[in-house]
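Peer 1: Spelled out, the chains give:
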Amino acid sequence: MDPKLDELAGQCGEWLRGTGPESDIVISSRVRLARNLAGFPFIKKCSPEDRQAIERTVRAKMEKLEQWKDVRYLMVDELSEVDRQFLVERQLISRELADSEGARAVAIDPGEQFSVMINEEDHLRLQVMHSGLSLQEAWQTVNALDDLIEGEITYAFHSKFGYLTACPTNAGTGLRVSVMLHLPALVITRQIDKVFRSLQKISVTVRGLYGEGSQYMGDFYQVSNQITLGRSEEELVQQVSEVIPVLIDYERRARRFLVEESEQDLHDDVSRARGILCTAKKISSEETMHYLSKVRMGINLGLIDDLPITTINKLFIHTQPAHLQKLRGRTLGSADRNVERASYLQRHLADSGPGGAAELN
Amino acid sequence: MKCQHCEKPATFHITELTEPSGPQVMHLCEEHARHYLSKEQSTPTSLVADHLEKQLKLGQTAEELAELDQQECPVCGITFYEFRNAGRLGCPYDYTVFQKDLEPLLINIHASREHKGKRPTRLAPSADRQAELIQLRREMEEAIEKENYERASEIRDRIRSLESGQSDTSSDL
Ligand SMILES: [Zn+2]
Ligand SMILES: [Zn+2]
Numbered sequence: 104m105d106p107k108l109d110e111l112a113g114q115c116g117e118w119l120r121g122t123g124p125e126s127d128i129v130i131s132s133r134v135r136l137a138r139n140l141a142g143f144p145f146i147k148k149c150s151p152e153d154r155q156a157i158e159r160t161v162r163a164k165m166e167k168l169e170q171w172k173d174v175r176y177l178m179v180d181e182l183s184e185v186d187r188q189f190l191v192e193r194q195l196i197s198r199e200l201a202d203s204e205g206a207r208a209v210a211i212d213p214g215e216q217f218s219v220m221i222n223e224e225d226h227l228r229l230q231v232m233h234s235g236l237s238l239q240e241a242w243q244t245v246n247a248l249d250d251l252i253e254g255e256i257t258y259a260f261h262s263k264f265g266y267l268t269a270c271p272t273n274a275g276t277g278l279r280v281s282v283m284l285h286l287p288a289l290v291i292t293r294q295i296d297k298v299f300r301s302l303q304k305i306s307v308t309v310r311g312l313y314g315e316g317s318q319y320m321g322d323f324y325q326v327s328n329q330i331t332l333g334r335s336e337e338e339l340v341q342q343v344s345e346v347i348p349v350l351i352d353y354e355r356r357a358r359r360f361l362v363e364e365s366e367q368d369l370h371d372d373v374s375r376a377r378g379i380l381c382t383a384k385k386i387s388s389e390e391t392m393h394y395l396s397k398v399r400m401g402i403n404l405g406l407i408d409d410l411p412i413t414t415i416n417k418l419f420i421h422t423q424p425a426h427l428q429k430l431r432g433r434t435l436g437s438a439d440r441n442v443e444r445a446s447y448l449q450r451h452l453a454d455s456g457p458g459g460a461a462e463l464n
Numbered sequence: 006m007k008c009q010h011c012e013k014p015a016t017f018h019i020t021e022l023t024e025p026s027g028p029q030v031m032h033l034c035e036e037h038a039r040h041y042l043s044k045e046q047s048t049p050t051s052l053v054a055d056h057l058e059k060q061l062k063l064g065q066t067a068e069e070l071a072e073l074d075q076q077e078c079p080v081c082g083i084t085f086y087e088f089r090n091a092g093r094l095g096c097p098y099d100y101t102v103f104q105k106d107l108e109p110l111l112i113n114i115h116a117s118r119e120h121k122g123k124r125p126t127r128l129a130p131s132a133d134r135q136a137e138l139i140q141l142r143r144e145m146e147e148a149i150e151k152e153n154y155e156r157a158s159e160i161r162d163r164i165r166s167l168e169s170g171q172s173d174t175s176s177d178l
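In order, the protein sequences belong to chains A and B. In the numbering used here, each residue's number is its place in the first sequence (first place is 1) plus 103. In the numbering used here, each residue's number is its place in the second sequence (first place is 1) plus 5.
Any given hint might turn out to be false.
[Claimed, not checked] Derived SDA-like pairs (lysine to any residue); straight-line CA-CA distance at most 20 Å:
#1 K297/A with E35/B
#2 K147/A with N90/B
#3 K164/A with V174/A
#4 K121/B with I305/A
#5 K167/A with R127/B
#6 K121/B with V343/A
#7 K147/A with D74/B
#8 K147/A with E137/B
#9 K297/A with C34/B
#10 K147/A with R89/B
#11 K121/B with E337/A
#12 K263/A with K105/B
#13 K164/A with T257/A
[What the hints assert, rightly or not] If you want a taste of the chain B side facing chain A, the calculated C-beta under 7 Å gives, among others:
#14 Y100
#15 H115
#16 E119
Read the hints as simulated data drawn from the structure, not as lab findings. Beta carbons are placed, not taken as given, at the ideal position from N, Cα and C, and that holds for glycine.
With the hints as extra help, turn the sequences into a complete structure.
Peer 2: And the structure:
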């Protein structure tokens, strides 16, 4: 395992810091831009030499930049399977970049606010992540990063179709704006489907967050813009920004409804979830997500008052398969991971009673 | 009420309003509801393929379609058929080569075919020049493979001069 990544494993990462506006419901805001270099084929038609040339060109240009000096640069093709998975769990690279072949890389800033993927579906994917709801700021950061890179590299651009991308679904601005939300009450009250419906009419897409298999995890949903062409970047950011308060409002109302109608059941549910997490001897990552989600909602509703939300946020990421292995310092099979996960949860939850809130390290 | 797809109780009742035959109600268990809803958010590949299929059926006869499928980008060699299947283009020049069929596709996906927004301050070389760059890189690889290093270095110099020559002001591909 790459020692350069060990340091990252211990920290929480920007998007799970658990701070920022509306952070009881909005986990993170992410903005990404797809860009391609002029004078090269798209990835699908790149020879191994083309891929290398793109990677080297980008790296050489970036290294000259003052803003780049603290950036961690990793050749993804040289990383172990666990390390690649680890970066996926942290959302610093996509599954596609982890699983593809040939020269490919990622540049990560020390605060994990931005990462630049090289040779993903497009030559460059710039992304900025912020904790909580802060799309405007994330857009401004990624825009500045784009300006910086554009000062050094000539992008494939068409006066009519805008930034040219490998898939026409990204053409134009190449912009994808995403907000990750925690919507447990809408799931419990079974209103989530209605909410999905209403969103699709205004060309916003909703995705569940997937786990180790392909199951939905912990009531997390990602809302993104569907259209990238024909509207300015600001308009696209605005479009997603306008939807989020509506969703937050739905979720808050559903939570209030649950508290008013069935506080005892809810409290029982939340306490049992916590109990299982504290006492299980082996537990899968899906199950962990499921119960952590309930505990997280319990904290936000004041049903649990002796656990900080930051602990739960950290547990979400630290109990993922590759994180567990990085923190343990060795590779573990699925059965061993389930045992390791249970003991990790126990250590960080059981003794986190009043006054003794366990700090994760 | 039971789920339409299994024995579990139907806890999700989804009303599909987009069907031409009028509202249609689906009764599904939680698992199947999630599955159903997630399928709707198709991947870019299937999104492109679906749109293209509709578009081509509407406008073309079988022969015309076969002819279109055989069209090939002179720069990267991708055929329209290949693009239709993978949902991914082969090079920036494809937006020029396939423009006639890409425009309706872009309108279907984005309800627009005209970029509005950020523009790079650095102008890209002309489409021809970019195409030349891509082709020269190929020739260089071939020369290296044949151990014709003299030819390879000639091509490398030509690539360098093209890359540094920003004098060509036409930014259209
Ligand atoms: Zn079912
Ligand atoms: Zn091409």
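Peer 1: Which of the listed hints are broken here?
Peer 2: Those not satisfied: there are none.
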